[in-house]
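*Asks:* Read off the chains here:
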Amino acid sequence: MSFSPSSRHNSELEEIAINLNPMMDMFAVLIPALLMLSAVVEVAVVEVSAPSIGPSNVEQKPPDTPPLNLTVTVLDGGYMLTATGGELPGIPRVDPGMTMAQIPLKEMGVVCSRFRGTVPPPRSRNLERPGCNDANARDTVPFLIYDIDTLNQAVLKIHQTYPNDRNVIIAAESSVQYESIIDVLDATRVARNADGSFETMFTQAVLSPATNM
Amino acid sequence: MGIENDQHQHKSQDELYSEMRAREKKKIKRLKRKNAHDRPVDISINSLLDILSVILVFLMKSYSASSTNVKPSKELQIPFTKSIDPASEATAVTVTLKHILVDDVPVMDLEEGGKVRAEDLAEESMMLQPLYNKLLDEVEKRKKIMQRNTSVEAKINMELIADRFVPFDLLTRVMYTAGQAEFSKFDFIAIKIEGG
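Chains as they are written, first to last, in the numbering used here: chain R, 1 to 213; chain E, 1001 to 1196.
Simulated from the structure, these hints should not be mistaken for lab results. The C-beta atom is built at its ideal place from N, Cα and C for all residues, glycine as well. Among these hints, one or two may not hold up.
[What the hints assert, rightly or not] Computed footprint of chain E on chain R, listed as stretches where at least three residues anywhere in the stretch have a Cβ under 8 Å from a Cβ of chain E:
| hint | stretch |
| --- | --- |
| 1 | 28 to 35 |
| 2 | 181 to 190 |
[As the list claims (entries may be wrong)] To give an idea of the chain R side of the interface with chain E (calculated C-beta under 10 Å), a few residues:
| hint | residue |
| --- | --- |
| 3 | 20 |
| 4 | 24 |
| 5 | 43 |
| 6 | 44 |
| 7 | 45 |
| 8 | 49 |
| 9 | 121 |
| 10 | 171 |
| 11 | 174 |
| 12 | 175 |
| 13 | 207 |
Next up, chain R with everything else stripped away, as it sits in the complex (with noise of 0.2 Å):
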């Protein structure tokens, strides 16, 4: 039986359009919102623990070896590695109550970026040179900086005689700023040995108050 044109059935399927409003609109509200509060600046964190003075309340158990008590000393003119516990290879001894530099400070080119308005550590000793601006920034400028390379080196030059020691004293002159801090932080916990594999060395890191010397 056939039928008229108007009751035959349509065997077309009939398109449905999805409503894409909603979505839209999120995206539109999401998007914004999430660059604004996403991070632009990766932090990281570095561990430390607080300086004692006086006394200890709590008795401590004396220990089966005595400790190394390596002391890394930031002075103006550069570090100073001293240790009451044992020897420190490659670094010469310094007599008690004296001051000396054993990885002196050194001149070398430092890529301004970083430093732009400012010159790089340490400042008292750099104020004369011209700064880091916009228009050096991706240049090399000689500079008097503290050499941490070689104090990264001669600390795993330590930690490769002591490999057990695991605590490091940071001290520094009052003067010295954050920033070296950290930088000596960074090089007594991490070094590359020659392999490029990466040694973990001291991670317990504390400070000690500063001194005036």
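We have chain R; now place chain E onto it with these hints.
*Replies:* Here is chain E on its own, set in the frame of chain R:
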């Protein structure tokens, strides 16, 4: 009919053909104009939705990366570190050359060059009294939370966010003061750079 035949006969085949073509062209133009008003134009937004979905997923992932929100400024230029350890939830103490803040609330003003005012020093010359009072409040809050929620870590942490020019002297005073207020662990915050 006879007259029309005569008219056709006077015109050549080419002329008739070109007339017919002109009529067809007019007809097509008329149809196009009609269809132009009737048919809606579809814009395909598949590509746009693809890009927006990818951007949204990326931003949601980067939003959850760090619990510490640091806003560098002219007064707060944070140094760089090669450390890769992430920040954890802790009381944030921000130290600049002009102010000391606890959880973004100023507690102390400093003199030129980050020097501490004499009236802010406690009887022992290392401790900073206004900072100590504020940190004691924070420790009390933390202890109350630990009493009610045993899963919270017992150690009381402090995050130190300091300007790169802050002198070591001020830094050790802040840490000593926090130690007196029973803070046991200190996390120095710095900007991560490659090479760690």
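*Asks:* For every hint, state whether the structure bears it out.
*Replies:* Tested hints:
1. Given a C-beta distance limit of less than 8 Å, the hint that chain E covers the stretch 28 to 35 of chain R holds, as 4 residues qualify and 3 suffice.
2. For the stretch 181 to 190 of chain R, the assignment as covered by chain E holds, since 7 residues bring a beta-carbon within under 8 Å of that chain's beta-carbons and 3 suffice.
3. Proximity of residue 20 of chain R to chain E holds as hinted, the smallest CB-CB distance being about 7 Å (cut-off 10 Å).
4. The interface hint given for residue 24 of chain R holds, since its Cβ lies 8 Å from the closest Cβ of chain E, which is under the 10 Å cut-off.
5. Because the smallest distance between the Cβ of residue 43 of chain R and any Cβ of chain E comes to about 5 Å, under 10 Å, the interface hint for this residue holds.
6. A cut of 10 Å between beta carbons decides the hint on residue 44 of chain R: the least distance to chain E is about 4 Å, and the hint holds.
7. The interface hint given for residue 45 of chain R holds, since its Cβ lies 4 Å from the closest Cβ of chain E, which is under the 10 Å cut-off.
8. Hint status for residue 49 of chain R relative to chain E: holds, with the closest Cβ pair at about 7 Å, below 10 Å.
9. Because the closest C-beta pair between residue 121 of chain R and chain E is about 8 Å apart, less than 10 Å, the hint holds.
10. Among the interface hints, the one on residue 171 of chain R holds; its C-beta lies about 9 Å from the nearest C-beta in chain E, closer than the 10 Å criterion.
11. Taking 10 Å as the C-beta contact cut-off toward chain E, the hint placing residue 174 of chain R at the interface holds, the least distance being around 4 Å.
12. Annotation: interface hint on residue 175 of chain R holds; nearest CB of chain E at approximately 6 Å, less than 10 Å.
13. Interface hint status for residue 207 of chain R: upheld, as the beta-carbon distance to the closest one in chain E is roughly 6 Å, under 10 Å.
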